[in-house]
Amino acid sequence: MLTQTWAMLVDAYRELCARKLFWITLGLSGLVVAIFAMLGLNEKGIAVLWWTIPVDEFNSTLMNKTTFYKLVFQGLGVGIWLTWVAAILALISTAGFFPSLMESGAIEVHLSKPIGRWRMFLTRYFTGLLFVALQVGVFTLMSFVVLGARGGLWEPRVFLAIPIVITFFSYIYCVSVLIGVMTRSAIAAILLTILFWFMLYILNTTDTVLLGFSGGRERVVEARAARIERMERNTRLQLIEAKKVEAGEEAAVEYSPTDEEIVAAMPVIARERASQESDQSALKSLQFWSGMMFKVKTVLPKTAETTQLLDRWLVKPEETAKLQSKAEADQQERQEEHGGPAMSQEAIVAKLRDRPVWWIVGTSLGFEAVLMALAGFVFVRRDY
Amino acid sequence: MSQGDGDWALDLSHVAKTYRGGVQALRGIEMRVKRGEVFGLLGPNGAGKSTLIKILMTVIRPSRCQGTMLGRRVGDQGTLARVGYLPEHHRFPDYLTARQLLHYVGAMGKIERKDRVGRIGELLEMVDMTDWADKKLGSFSKGMRQRVGLAQALINNPDLVLLDEPTDGVDPVGRRDIRNIVTRLKNEGKTVFLNSHLLSELEMVCERVAILLRGEVRLQGTMSELIDRRAGYRIRLVPEDDMAAARATVGTVVQGGVELVNRELVLKTADAREVQPAIDALRRQGFTISHCWVHKPTLEDLFLEAVVDPETGEPMHVGAARKVRAG
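Heads up: the sequence lines are chains A and B, in that order. Take the first sequence: its position 177, counted from the start at 1, is 203 in the numbering used here, and no numbers get skipped. Take the second sequence: its position 246, counted from the start at 1, is 272 in the numbering used here, and no numbers get skipped.
Next up, chain A with everything else stripped away, as it sits in the complex (with noise of 0.2 Å):
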């Protein structure tokens, strides 16, 4: 049993050798890594090997050289890098593995051996991830060597980007397979994968969206609550007092003055309310499509949420306080240049490290186990 696994395993190594994207993709990750070794940040600015670029906001006041290359390596080596680019190649590289297996003179080969069907389907499938387990690998321990090197810090759970992109990848490469083995055909597998994936980007985004609207709105519907608590509590205290100069102490004590007296005393109370009611209105429906797309991306592959659990286990909150501070900052300075209420980048962060890990990694796999499963049903029964 384990000698047929070893051979598909080393067959798809040699398959993966023998693809320039392959070695063109490793050479790149290597390029990149250099990059982030290049990189470092000092008290006037981000230096790149000996020369300095002055950025007065992003120095290392904001934060120390530690975070700086856990940030780099989390958000352009992982998030960009990984997650965009050698995604992109890893899935032009292997979307031809269940094509080429089923092409007519291959596939007998292999159906002629005493292997059942399912085992076969799903050790090719595994042995499809091998592409992106050694890309992400490689470029994990150079990257681990740079941030010990350069940042100072040798940090085991840097790996955790292994399992996590592997995680990541498997939910696209699914989709990829299915369609491969359907269509047999690499190119429609390409292209309608990239097409799914791009779904899941605009749901994606349109959540973040939704989320940091609602956090906005959220912000400035307590905000103006507690502003118009505050002056009916003033307006109230003003009117007895007025009432204690023209009727005396004892018609004061017992005076409570009505709304419509308070808001007769101070009117921006009742454009206050008005507004906010609006603001509650439109928060509630925000909150309610925000529900939905929670929902909808229940069934769906968590691409994002599952990369941005390496940030989650990588950097700890109070590292990036100061960054996370600025950036809110010059998010109100937007708000108050433009009105209107804007997005809540720290209601994004909040809310999105909010959701658990079960939901984000239980519910992808849960829908790449249903595409499999699909997947390997036309495998195992179809006639080749």
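There could be a bad hint or two in this list.
Unchecked claim - Over 10 Å on every C-beta distance to chain A, these chain B residues come out as not near it, computed from the model:
{"hint": "1", "residue": "G97"}
{"hint": "2", "residue": "V100"}
{"hint": "3", "residue": "Q126"}
{"hint": "4", "residue": "D203"}
Said to hold, decoys possible - Straight-line Cα separation of at most 27 Å, DSSO-like style, residue types lysine-lysine; simulated pairs:
{"hint": "5", "chain 1": "A", "residue 1": "K269", "chain 2": "A", "residue 2": "K310"}
{"hint": "6", "chain 1": "B", "residue 1": "K322", "chain 2": "B", "residue 2": "K294"}
{"hint": "7", "chain 1": "B", "residue 1": "K161", "chain 2": "B", "residue 2": "K136"}
{"hint": "8", "chain 1": "A", "residue 1": "K377", "chain 2": "A", "residue 2": "K342"}
{"hint": "9", "chain 1": "B", "residue 1": "K136", "chain 2": "B", "residue 2": "K162"}
{"hint": "10", "chain 1": "B", "residue 1": "K161", "chain 2": "A", "residue 2": "K46"}
{"hint": "11", "chain 1": "B", "residue 1": "K162", "chain 2": "A", "residue 2": "K46"}
{"hint": "12", "chain 1": "A", "residue 1": "K46", "chain 2": "B", "residue 2": "K168"}
{"hint": "13", "chain 1": "B", "residue 1": "K322", "chain 2": "B", "residue 2": "K212"}
Read the hints as simulated data drawn from the structure, not as lab findings. Even glycine gets a Cβ: it sits at the ideal position worked out from N, Cα and C.
Use these hints to put chain B onto chain A, whose structure you have.
For chain B alone, coordinates are given in the frame of chain A:
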């Protein structure tokens, strides 16, 4: 002689395959292949030969299938470890060397590495590819690929070898080598099931053949049975003789009738005693006999005879049968 189940390498009955869309590729194949014999499967394009082989190798699921392969039911996965298979139009990965391919196929056949190493050397030697063992398959010619394909079919030292068009794209020397390998396999007691369009190749190595037509076995038997049954004397006269008169003369003295084909009298007997009265009658009537010999049909003759509709005398349409739908 009646044979037990254990004596048959293949014992098939009611093997049928209907594809989606109603195309009947196989319509109830009945076929038996003895252990240790070389069996040839013939048929025009689309007759269902490859479908039958693919069913045996579990590549295609039959609509119906009763029977056994090496004593176990057809489709049993364990049996596949004892079967070798060379598919038609095989596509082996270009990135592998011949040796790597054999290791891969051997491992998929559950052969341990230590057992594979020696076996691979022997097989590469057998197919005359030792010098190319560590070259990538991508650089091989069709004939070289076919040789490696044959080696991979034998990697598990199988009891039954199914070869689908093994001489496809192979030069005459290669074809002779493949014939020798088939003979060697037979001598080692292995059963070889050959599917080929090259009838002369089959004729040279097969002991028994079956001709498939439109998903059914049209003809089946040993080469001697099939050929001897159709063997007959032929008599050629000098050009000046009147052939129609000669035919009439022979017709009166020979049972089973006589035909005139290409100015030759064709008798339906290969028995020398039965042909003597014909010779006597011809000589009595003054005809001059220039040649007299026993003609044995070739496999091609048998094949062409089998694919002719006996009622119309026209060649039957090749290809699979389409299911007749009720109503």
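Here is what the structure says about each hint:
1. G97: holds (16 Å)
2. V100: holds (13 Å)
3. Q126: Violated, because the least Cβ-Cβ distance between Q126(B) and chain A comes to about 7 Å, which does not exceed 10 Å.
4. D203: holds (22 Å)
5. K269(A) with K310(A): violated (40 Å)
6. K322(B) with K294(B): holds (11 Å)
7. K161(B) with K136(B): Satisfied, since the Cα-Cα distance of roughly 24 Å is no more than 27 Å.
8. K377(A) with K342(A): holds (16 Å)
9. K136(B) with K162(B): holds (24 Å)
10. K161(B) with K46(A): holds (19 Å)
11. K162(B) with K46(A): Given pair K162(B), K46(A) holds - Cα atoms ~16 Å apart, limit 27 Å.
12. K46(A) with K168(B): holds (25 Å)
13. K322(B) with K212(B): Within the cut-off at roughly 25 Å; holds.
Checked against the numbered hints listed earlier, the structure breaks hints 3, 5; every other hint is satisfied.
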